[in-house]
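> If you're matching them up, the sequences are chains P and V in order.
For the first sequence, my numbering assigns the number 1 to the initial residue and increments by one for each residue that follows.
For the second sequence, my numbering assigns the number 1 to the initial residue and increments by one for each residue that follows.
Don't take every hint at face value.
With a straight-line cut-off of 25 Å between C-alpha atoms, the simulated BS3-like cross-links for lysine-lysine are [claimed, not checked]:
1. 2/P / 183/V
2. 156/P / 419/V
3. 2/P / 184/V
4. 473/V / 140/P
5. 29/P / 251/P
6. 29/P / 91/P
7. 146/V / 25/V
8. 2/P / 186/V
9. 128/P / 184/V
10. 29/P / 473/V
11. 186/V / 145/V
12. 156/P / 473/V
13. 91/P / 212/P
14. 419/V / 29/P
15. 135/P / 473/V
16. 91/P / 41/P
17. 453/V / 2/P
18. 2/P / 146/V
19. 212/P / 128/P
Covered stretches of chain V (in silico footprint by chain P; criterion: 3 or more residues with CB under 8 Å from a CB of chain P, positions within the stretch not fixed) [to be verified]:
20. 184 to 195
21. 458 to 464
For each label pair, taking beta carbons as the anchor points, the in silico distance ranges come out as [what the hints assert, rightly or not]:
22. 116/P / 153/V: 39 to 49 Å
23. 226/V / 99/P: 51 to 61 Å
24. 189/V / 158/P: 30 to 40 Å
25. 102/V / 2/P: 53 to 63 Å
26. 449/V / 158/P: 49 to 59 Å
These are computed hints drawn from the structure, not numbers from a lab.
Remember, it's a predicted structure, so these values are computed and weren't measured experimentally.
Using N, Cα and C, we set each Cβ at its ideal position, and we do this for glycine too.
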Amino acid sequence: MKRFLLESTLFSVAIIASVYFVFLQADGKSDPFYSRTTTPKQASLILGTSKAAQGLMPEVLNPYLETDIYNFSFTVAHSPFGPAYLSAIEKKLKPETKDGVFIITVDPWSISSDGKDPNNEAEFGESKSFMGIAKSFSSKPNISYLLNSYDDNYIKILLNFSLMEVHNDGWLEVFPPMDSASVKNRITENILEQKVKLESYQFSQTRFEYLKKTIETLKKCGKVYLVRLPVYTEIAEIEDELIPDFNSKIKDLANAEELPYLNLMNSDTKFTFTDGIHLYKDSAKDVSAGVGRWISKE
Amino acid sequence: MLFNSIDFAIFLPIVFLLYWFVTNKNLKFQNFLLLVASYVFYAWWDWRFLSLIVFSSAVDYFVGIGLSKTEKQQKRKALLLLSVFVNIGFLGFFKYFNFFSESFAEAFTLLGHPFEASRLNIILPVGISFYTFQTMSYSIDVYRKKLEPTRDVVAFFSFVSFFPQLVAGPIERATNLLPQFFKKRKFDYFAAMDGLRQILWGLFKKMVIADNCAQFVNLAFNNPQDYSASSLAIGVVFFAFQIYGDFSGYSDIAIGTARLFGFNLMKNFSYPYFSRDIAEFWRRWHISLSTWFRDYVYIPLGGSRGSNWLKVRNIFIIFIVSGFWHGANWTFIFWGALNALYFLPLLLLKRNRQHIEVVAKDRFLPSVTDFFKILLTFTITCFAWIFFRANSLSSAFEYISLLFSKSIFDAPNFLALNKVYVLIFFIVGFLMLEWKGRDTNYAIENFGESWPKPVRYAFYYSLAMLIFFFGGKEQAFIYFQF
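Can you make the complete structure from the sequences, with help from the hints?
Dropping the structure here:
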């Protein structure tokens, strides 16, 4: 028995040590979310879905804000407004923060839901993802994330090949082919996909309430700004179809909460998109600078 | 609790240490620990259905005692029927109620008397098809006086719920497993190491082969119209390896785990894809179920004795029942019937037992004839798998019609084609190891036995790291749903 225990323990230790070593190598190229769950707690955050993850660059914003802001946006599947995202934000927030800056990006998808009852929290899909189950958003390596939520084969952690990279400030940079044919294909695909989604999604009052709760939580920690990022015209039309009175809803909310609101829709002709939804990096830089200037004037 | 989960990786060493260090002085304590561990293992999935296992165990325990007390044939028959009624009743209700209800409704509608089928929201308890057959085999063997009934309630309940094979087999015979609960178990280093090796191999089959194949199989079978025929062909072949890796991998982990506790479970797979005809395939695939049906259904029906008509009838019954055991869907029945059709010519020409020995025994490669026989058997098996995997008969026929089209000569159009090539590389490597170990209990049982220990350990380490690096997304075992 001694021999068995010794050999099996040594073998297990060798495996566990190797696994731990590999986990230590995981970084912003391993997947689009992991590194945001490993950076330290933050005092200023950019919040929202993938539009914000790719479209707002902390590096550009920081000089205007005179602070270091962190991009803590994910995707519409993981970070629509709801209990899971609010809890994740609270975990990521540095305790005792009083003078933070919070840019909350809003769009109709982030306050909508699919399923039979869009107001039923139990049906919110993100609660079952890492957003709902992660115990920490600031531990490195984040073993719980890697074991439970990492979606790819672990070999990818060691292969330094990826079509995206999450930078240290949380900004997600993507490297898609940007020739006009590829971009057009992606836009067409997204329009089709969003039209299909439109059939099952509807406005969720519960999510809207969580947007309010998120704002109220963050107001205690600093200044909050609401921003709607631009999208391609046909994508915008689909969003309008999803929640026709979205802008008035957000304006009313901004007034009630006494927050500044910047709506960048209808300015899509100035910008380049990778797929009609997400700003390409040059345009992300311009938009980030614009948002920075607006905040510094407010 | 899944074998390929962190929960099980923690659970197993705890039970192992308690078993050999705390309860090792007393056999009854050891059996009691196994019973508690088995119930915890099952309750991890859904504790409510534990009551079914307990009830099924209690019925067969008392049926066994009842059978020992009477010699009256009528009473003995009644007791046996009670066991069969309860076990088949559970299975029928939980697994087949909705199927029968809907099928009757459809049949009446076709006959011009439409009515609404009543459908119940029934959850299928994991492993019910396995443990009901296992516990029923006890009552049948006691009835046939092949086995002395036991009065040791803990040992019997442990036998029914023994966690390594509780939810997906091998379906153990009481005559093999139950007596092992009465024998003092002594720790054996070589058996335990062998157990760990078999667990490692089972995890490789499940996580590297089956789970990676699953991604492409799901794509091909969920939207066949989006893929070229060549991709659909890859989808079918990958399904053949998915189901084999998944189920035989589970069996390897189960057998290996049991060995850690001093138990020997029966072999469930014996390199079925190296079979030279379909009869050999069925002697090598899910052996515990095939032999269960052979002993408790086929032989009582007359087996291969009697007229040709009786032989044909018995073969169809056995294959269709076997198909239906897998699930309440016409696809499984069709799959069973198709295999009966494959099998029938061999039986009628009395050629069903021409390949008993392992293929190419004592040779490195098969003969050209054997190679083509293996290829043909694999091809017709894959064709039958289409019905097994499809969600409905119409989906299966749609898949087949798309498969036999001109685009079979086009390049596969899966998006992640590089992953397909990596997977093919793994499958080839896997087949080479299986071929090398084809006359052993599992492929790597004796692999590298002449190597120095550090080299052998380096091989096991590499296998473990391959599982870690290339393990597909955790998927439940396919046979849990049966």
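> Look at each hint and say if it fits the structure.
Status of each hint after checking the structure:
The straight-line distance between the Cα atoms of residue 2/P and residue 183/V is roughly 23 Å, inside the 25 Å bound, and the hint therefore holds. Restraint check for residue 156/P and residue 419/V: satisfied, since their Cα atoms lie roughly 12 Å apart, inside the 25 Å limit. Distance check on the hinted pair: residue 2/P and residue 184/V sit about 20 Å apart at the alpha-carbon level, within 25 Å; holds. Pair hint residue 473/V plus residue 140/P holds up; C-alpha atoms about 22 Å apart against a cutoff of 25 Å.
With a CA separation close to 37 Å, the supplied pair residue 29/P and residue 251/P exceeds the 25 Å bound. With a C-alpha separation of about 23 Å, the suggested pairing of residue 29/P with residue 91/P holds against the 25 Å cut-off. A distance of roughly 31 Å separates the Cα atoms of residue 146/V and residue 25/V; the hinted pair therefore is violated under the 25 Å criterion. At roughly 14 Å between alpha-carbon atoms, residue 2/P and residue 186/V fall within 25 Å of each other, so this suggested pair holds.
A hinted pair counts as satisfied when its Cα atoms are at most 25 Å apart, and residue 128/P with residue 184/V does not qualify at roughly 46 Å. Of the supplied pair hints, the one linking residue 29/P and residue 473/V holds, its CA atoms being roughly 19 Å apart against a limit of 25 Å. Of the supplied pair hints, the one linking residue 186/V and residue 145/V is violated, its CA atoms being roughly 30 Å apart against a limit of 25 Å. Among the hinted pairs, residue 156/P with residue 473/V is consistent with the structure: their alpha-carbon atoms are about 13 Å apart, no more than 25 Å.
A distance of roughly 18 Å separates the Cα atoms of residue 91/P and residue 212/P; the hinted pair therefore holds under the 25 Å criterion. With a C-alpha separation of about 19 Å, the suggested pair residue 419/V and residue 29/P falls inside the 25 Å cut-off, and the hint holds. For the proposed pair residue 135/P and residue 473/V, the alpha carbon gap of about 21 Å is at most 25 Å, so the pair holds. Between residue 91/P and residue 41/P the alpha-carbon distance is near 8 Å, which keeps this suggested pair within the 25 Å criterion.
A threshold of 25 Å between alpha carbons decides the hint, and for residue 453/V with residue 2/P the separation of about 17 Å falls inside it, so the pair holds. With a C-alpha separation of about 40 Å, the suggested pair residue 2/P and residue 146/V falls outside the 25 Å cut-off, and the hint is violated. With a C-alpha separation of about 22 Å, the suggested pair residue 212/P and residue 128/P falls inside the 25 Å cut-off, and the hint holds. Three residues within the 8 Å Cβ limit are the bar, and the segment 184 to 195 of chain V against chain P gives 4, so the coverage statement holds.
Here's how the segment 458 to 464 of chain V fares: 3 of its residues keep a CB closer than 8 Å to some CB of chain P, so the rule of at least three is met and the hint holds. For residue 116/P and residue 153/V, the hinted distance range of 39 to 49 Å is satisfied, since their beta carbons lie about 47 Å from each other. At about 53 Å, the CB distance of residue 226/V to residue 99/P agrees with the hint of 51 to 61 Å. For the pair residue 189/V and residue 158/P, the supplied restraint of 30 to 40 Å holds, since their beta-carbon distance comes to about 35 Å.
Checked against the hint of 53 to 63 Å, the pair residue 102/V and residue 2/P passes, with Cβ atoms roughly 59 Å apart. Taking 49 to 59 Å as the suggested C-beta distance range, the pair residue 449/V and residue 158/P does not conform, at roughly 31 Å.
Hint check: violations occur at hints 5, 7, 9, 11, 18, 26; the rest are consistent with the structure.
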